[in-house]
Amino acid sequence: MSAAPEGGRAGRGFSYKALIIGLVVTLPLLALLYMGLSMDPHRMDAPLVGKPAPPFELHRLSDGQLVSLESLRGKPVILNFWATWCMPCRQEHPFMVSAAKKLGDKIQFVGIVYQDKNEMVNAWLDAYGGRGYPTLIDAGTKTAIAYGVYGVPETYFIDSQGVIRDKVVGPVRPDELFELAGRLQ
Amino acid sequence: MAELGRLLILAALALASAGALVGFSAGRSGSARGLRITRGLALAFAACLVGATGVMEYALITHDFSVEYVAHVGSLATPLHITIVSLWSSLDGSILFWGFILAVYTTGFVLATRGRHEDMQPYTLATIMAVGTFFTFLIAGPANPFGDTPAPIPTDGPGPNALLQNHALMIIHPPMLYMGYVGMTIPFAMGVAALLKGRSGAGWTRPLRRWMLIPWGFLTCGIILGGWWAYEVLGWGGYWAWDPVENASLLPWLTATAFLHAAMLQERRGLLAGWTLVLLLVTFQLTILGTFMTRSGVFNSVHSFTQSPIGPTFLVFLAMVLIASVVLVAANVHRLAPGRPIESPASREAAFIVNNLLFAAFTFTVLVGTTFPLIAEAARGVKVSVGEPFFDQFAVPLGLAIVFLMGVGPAMPWGRATGAEVARRMGPPLLGGLVLAALGVALGVRDVLPALTLLVAGFAVSVTLRDVWDPVRARMTAKGESLGRAFASALRRGRRRFGGQVVHIGVAIAVVAIALSQSYQIIGEGVIDKGATLTVSDYTLQFVDARSVTEPHRERTIATIAVSKGGRDLGTMEPALNNYATEMNAIGSPAVRTSPVEDLYLSVMSIDPRGQSIGLRVFINPAVAWLWIAMGVMVFGCLIAVWPTRRSEASGAVA
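Protein sequences, first through last, are from chains A and B.
Here the first sequence is numbered in the working numbering, starting from 1 and rising by one per residue.
Here the second sequence is numbered in the working numbering, starting from 1001 and rising by one per residue.
Cβ-to-Cβ under 7 Å is the rule here; a few derived chain A residues that face chain B:
no.: 1; residue: Ser-15
no.: 2; residue: Ala-18
no.: 3; residue: Leu-19
no.: 4; residue: Gly-22
no.: 5; residue: Leu-23
no.: 6; residue: Leu-30
no.: 7; residue: Gly-36
Derived by calculation from the structure, the hints in this document are not laboratory data.
If you're wondering where the values come from, they're calculated on a predicted model, not measured in any experiment.
Beta carbons: idealized from backbone N, C-alpha and C, even for Gly.
Modelling step: build the complete structure from the supplied sequences, incorporating the hints.
Structure follows, in structure tokens:
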């Protein structure tokens, strides 16, 4: 069926049209993947350490008052992102409350609830360790995105100048918390 | 030990690059000696990779923590069979495993082609070796599993990723998928050789159809096993979530399936030569893209445990493959036989062409949906995720149309069919479809989509069964053979076709299972105190007890749930939560009670520390078991089509 002679080499009959169509299809895909490499979602975390903490202004669960990071300036802050549907948060919360009791005069503890509903949050706090420090509601998860929260719990250690000193992904171990808190002072 | 491994890998790298160079030059000169050397180099390359894999396995089994990969994934507490498979539990090892499979395929190809297609072999082997050069380069450099563990050498390690230790399917799913992915290298290399030799005229696909069918069968198996594993282990009650990595395995499957059909059209009618070629090249590119997606960490996925720094290297390789393919096609476009235009839309050709368009559309939408988060982030700087609704929206109609065509294609004759012929060929199978749909409605199917699925699947199966039966009956009447004898000889004569028909039946079963399980899943959820019950549909679930078991590598909390259905006692089920020493989150082990009608699927969400209450999610999934059965049927069909017979061995030499 094929009338074309076989065994020829590229050069004769090279189709620039096919070449251009092929490149138009493949090059943008490659460019996109190349950009994808530099946007690695898992590596967004590290760059924040040593940088000023992204500002936020969120409603407090208890009274709906707006609380901003700015208003907490002057005291180191331990910022704990969590959610009611997160299992490790349950293990972590009672300890966070007791740590806040112990360190509360030197360090401001703040919980930010992520992707959740107010009534669920209240019920959860009643069930798993109570309210030792303010809980803020991150409506629309803007703050979590600004901090590059990848999963909950995640805890940020912010010094009194508002610079992120450390972050912990997953539940914070007691020794780790006291050690990192010590570094903030 | 690490040193021996490194040495073997470097030898493999040298042999692969030498093989690629000698192969290409032998391809140009047509030198018989060049071919002999290339074949020798290919076998030596394969031997080195197999040896390196053996060294790694030995290091794993003997817990030689001075080898970095062993220190990374090994653990004295891990059971032996898990230790063996932890070769592919983490990135560096899985790339080595990849190389091992390429070595197996290379050996298979060299041995199977002794004295055959000798003119095509040098370029084919050269291309395989070029791919091998890339992978051994990865193993030797960016993803080297044979690094020395920095002192002090630990006395124990963390063990492999917990998800991999959770279920026996994890032992078999990755190898199947890899056999599928890596195996696509062979038909790709044969296609490249055909292009380099200027042999892309009529019939060039014939010798490589079998080499495509083998990885296709593995890929089919790997994809469904992956779904099965997710279903048995992840605890969210489903088997497919359009996760980027799942999509990455589906994409080459779609193009490979399209290729197998296009190649048939190309062989029989000389149509779609260029298209067939593009499908072949794209299939291989998609396997590389898929690996890139899994390994680079660009996408968020359940497989994110495999992210690593090899992304850039992979991207360079992908770019080289893509650009070389484009140039090769551009150089050969003038040689591609356009074939005769199709005579009539009422023909098998037309059905095949529409089938290919649908597969292409399916591939394109899955690709766009998967990469859309990247596009959105690049264009607008926002993070978006593309969820199931998007994919389902197009996958359902496209899937239904493909299954319908799976009936239309074989039902129609080549060339042209008259109206009366169309009615005669399509009528009875359509009736078969209607009967199945009516049966479904009688059994409680009340929605349009599942009913439609039953209709098209019933139609396709009816066509297939008639196709199987017709030649058997013809032999029985013409030659007076007995049923068994006629069947055996019909099978012998049309093995490949018969295999294809069996695969079609498997596809129809799978599609029905998917439609029913997606449409009629029942979900219940609740917190149950000890002794109390939860009722979901007609199941009553009583929380009897929770107990903790300490195993070497994990702590399990097992809940005992007494199950009864409509008052009939069905015994107990034991979903569990596992805490691994190395994982911060508890990982569930759902309990699944499978029956041909429906699965009862229990997943523990939480167990209170005193074991007095549990949070339980309950799924009732109809017909899921048929998806696994369908996999068996499809693999069986594929085996029938691929299995070498003495006749095809002989005819292979002249094909």
